[in-house]
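Single-letter residue listing:
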Amino acid sequence: MGKAEILQIVTGFLGSLSFGILFNIRGVRLFWAALAGFFSWSLFLILAFWIPSEPVRYFIVAVTVSIYAEIMARVLKTPTTTFHMTALIPLIPGGSLYYTMASLFGGNLSNFLEKAVYTLELSVSLALGIVLVTAVAHTITRLRKPAAK
Amino acid sequence: MKELLTCAMDIGEQMLVCGAEVHRVEDSIQRMCLSMGAKRVDIFIITSSMVVTVYTPSGEALTQTRRITGTGTNMERLHRLNDLSRKICTSPLGVTEIREEFQKIQETKVYSFGVQCLVCAVIAGAFTLFFGGGLADALVSLCVGALVKLLSKICEKTVTSRIFDKFLCAFAASLLAFIAMRLSLISGVDKVIIGNIMSLIPGIGLTNALRDLFTGDHIAGLIRTIESGLIALVIAAGYFLSAILMGGV
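In the order they appear, the protein sequences are chains A and B. Residue numbering for the first sequence follows the numbering used here, beginning at 1 and increasing consecutively. Residue numbering for the second sequence follows the numbering used here, beginning at 1 and increasing consecutively.
FYI, nobody ran anything at the bench for these hints, they're computed from the structure. The structure presented is a predicted model; accordingly, all values stated were derived computationally and were not measured. The C-beta atom is built at its ideal place from N, Cα and C for all residues, glycine as well. Some hints here could point you the wrong way.
To be verified - With a straight-line cut-off of 30 Å between C-alpha atoms, the simulated BS3-like cross-links for lysine-lysine are:
{"id": "1", "chain 1": "A", "residue 1": "LYS77", "chain 2": "B", "residue 2": "LYS87"}
{"id": "2", "chain 1": "B", "residue 1": "LYS109", "chain 2": "B", "residue 2": "LYS87"}
{"id": "3", "chain 1": "B", "residue 1": "LYS153", "chain 2": "B", "residue 2": "LYS87"}
{"id": "4", "chain 1": "B", "residue 1": "LYS104", "chain 2": "B", "residue 2": "LYS153"}
{"id": "5", "chain 1": "B", "residue 1": "LYS104", "chain 2": "B", "residue 2": "LYS157"}
{"id": "6", "chain 1": "B", "residue 1": "LYS104", "chain 2": "B", "residue 2": "LYS87"}
{"id": "7", "chain 1": "B", "residue 1": "LYS87", "chain 2": "B", "residue 2": "LYS157"}
{"id": "8", "chain 1": "B", "residue 1": "LYS157", "chain 2": "A", "residue 2": "LYS77"}
{"id": "9", "chain 1": "B", "residue 1": "LYS39", "chain 2": "B", "residue 2": "LYS109"}
{"id": "10", "chain 1": "B", "residue 1": "LYS2", "chain 2": "B", "residue 2": "LYS104"}
{"id": "11", "chain 1": "B", "residue 1": "LYS104", "chain 2": "A", "residue 2": "LYS77"}
{"id": "12", "chain 1": "A", "residue 1": "LYS3", "chain 2": "B", "residue 2": "LYS157"}
Unchecked claim - Residues from chain B that keep clear of chain A, each with C-beta distances beyond 10 Å, as calculated:
{"id": "13", "residue": "GLU97"}
{"id": "14", "residue": "GLU101"}
{"id": "15", "residue": "ALA136"}
{"id": "16", "residue": "THR215"}
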């Protein structure tokens with residue numbers, strides 16, 4: 001792992017921590033939430049050794065991070081969103097969105113479409129990963145204590 | 001029962017305002033109402049409206065609705081609201097007790113504005129480095145981040161439309177980046193702008209929107225998808241305007 005990757009992990013963690021503060025997460029929960037951002041980007045970079053496709057890696061990271069979120073939410077008795085949001089911060093396709101805009105502005109239409117679809121692809125991978133874990137987690141909770149109906 | 005329902009509605013409404021998922025709020029309200037002795041509860045919630053009907057043991061039906069305007073993200077308050085709703089489910093509290101607890105939660109502290117400015121500057125700087133910017137880019141980005149936060153604070157008080165607010169922020173961030181480039185502080189605007197739009201773009205909004213869609217809250221999901229699309233558009237518009245003003249990329 002090179003210098004650039006280490007810098008990314010450190011700044012990704014800083015970014016997650018800062019967003020955690022903006023979202024008004026406090027105390028121990030802030031620490032665990034920021035750590036989720038650290039894990040998510042580290043995992044994304046490590047997976048690059050085996051899986052070249054970014055959307056696939058996004059999906060795997062989303063699944064892993066969601067499992068982490070579900071576990072931490074139960075341990076710390078707080079909504080899972082707390083951990084989901086901070087964990088996803090480094091994965092937000094900000095760069096991708098910028099280059100989408102820039103190519104639209106530059107009038108490069110085929111480039112724009114390619115970038116726009118790619119940005120959407122990344123978001124959908126993330127959402128699918130989260131939905132999968134959330135659905136499984138809900139089913140497990142339901143099985144353990146049936147909702148009063 | 002009527003007052004208990006009002007309490008449950010208050011808690012649910014605030015959970016939504018603090019950024020809870022629709023699913024969570026529906027679940028919490030249902031559990032609370034059932035533990036308060038309702039026979040049946042019907043709930044319909046989307047991000048901007050809540051409708052709840054409970055049937056009392058005597059057969060009476062009570063309905064309340066709420067209009068939700070403006071949501072933000074306040075995890076500490078959501079955490080405490082969630083705790084309160086769980087407490088109500090396990091050991092039914094009286095109306096006055098719930099009101100007292102609720103009032104305490106409403107006074108939950110937020111980080112001071114100074115801290116928020118600092119944090120926004122750090123976000124912008126950190127992500128400029130993250131996306132491969134140099135030290136000069138990061139320093140410029142840091143300053144722009146703080147200024148944009150200041151602007152969004154002013155907008156919060158004066159501009160009513162959240163979308164327009166995003167437009168102004170994106171415009172200001174890009175404009176400052178272009179100015180910095182003209183002053184030859186930085187060699188290109190891209191890294192600085194990327195760092196700054198990280199806190200504006202609806203990445204989380206879009207992810208949540210897709211999540212709602214896939215978990216069955218279709219209407220809430222659609223509303224959020226449209227919102228994210230619009231925000232992405234106005235950010236692009238803000239960038240375009242400043243790029244045109246400053247004479248191209």
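Quick rundown of the hints versus the structure:
{"no.": "1", "hint": "LYS77(A) to LYS87(B)", "result": "12 Å, holds"}
{"no.": "2", "hint": "LYS109(B) to LYS87(B)", "result": "21 Å, holds"}
{"no.": "3", "hint": "LYS153(B) to LYS87(B)", "result": "36 Å, violated"}
{"no.": "4", "hint": "LYS104(B) to LYS153(B)", "result": "25 Å, holds"}
{"no.": "5", "hint": "LYS104(B) to LYS157(B)", "result": "25 Å, holds"}
{"no.": "6", "hint": "LYS104(B) to LYS87(B)", "result": "15 Å, holds"}
{"no.": "7", "hint": "LYS87(B) to LYS157(B)", "result": "36 Å, violated"}
{"no.": "8", "hint": "LYS157(B) to LYS77(A)", "result": "35 Å, violated"}
{"no.": "9", "hint": "LYS39(B) to LYS109(B)", "result": "37 Å, violated"}
{"no.": "10", "hint": "LYS2(B) to LYS104(B)", "result": "22 Å, holds"}
{"no.": "11", "hint": "LYS104(B) to LYS77(A)", "result": "19 Å, holds"}
{"no.": "12", "hint": "LYS3(A) to LYS157(B)", "result": "43 Å, violated"}
{"no.": "13", "hint": "GLU97", "result": "20 Å, holds"}
{"no.": "14", "hint": "GLU101", "result": "16 Å, holds"}
{"no.": "15", "hint": "ALA136", "result": "15 Å, holds"}
{"no.": "16", "hint": "THR215", "result": "6 Å, violated"}
The structure is inconsistent with the numbered hints 3, 7, 8, 9, 12, 16, although it conforms to all the rest.
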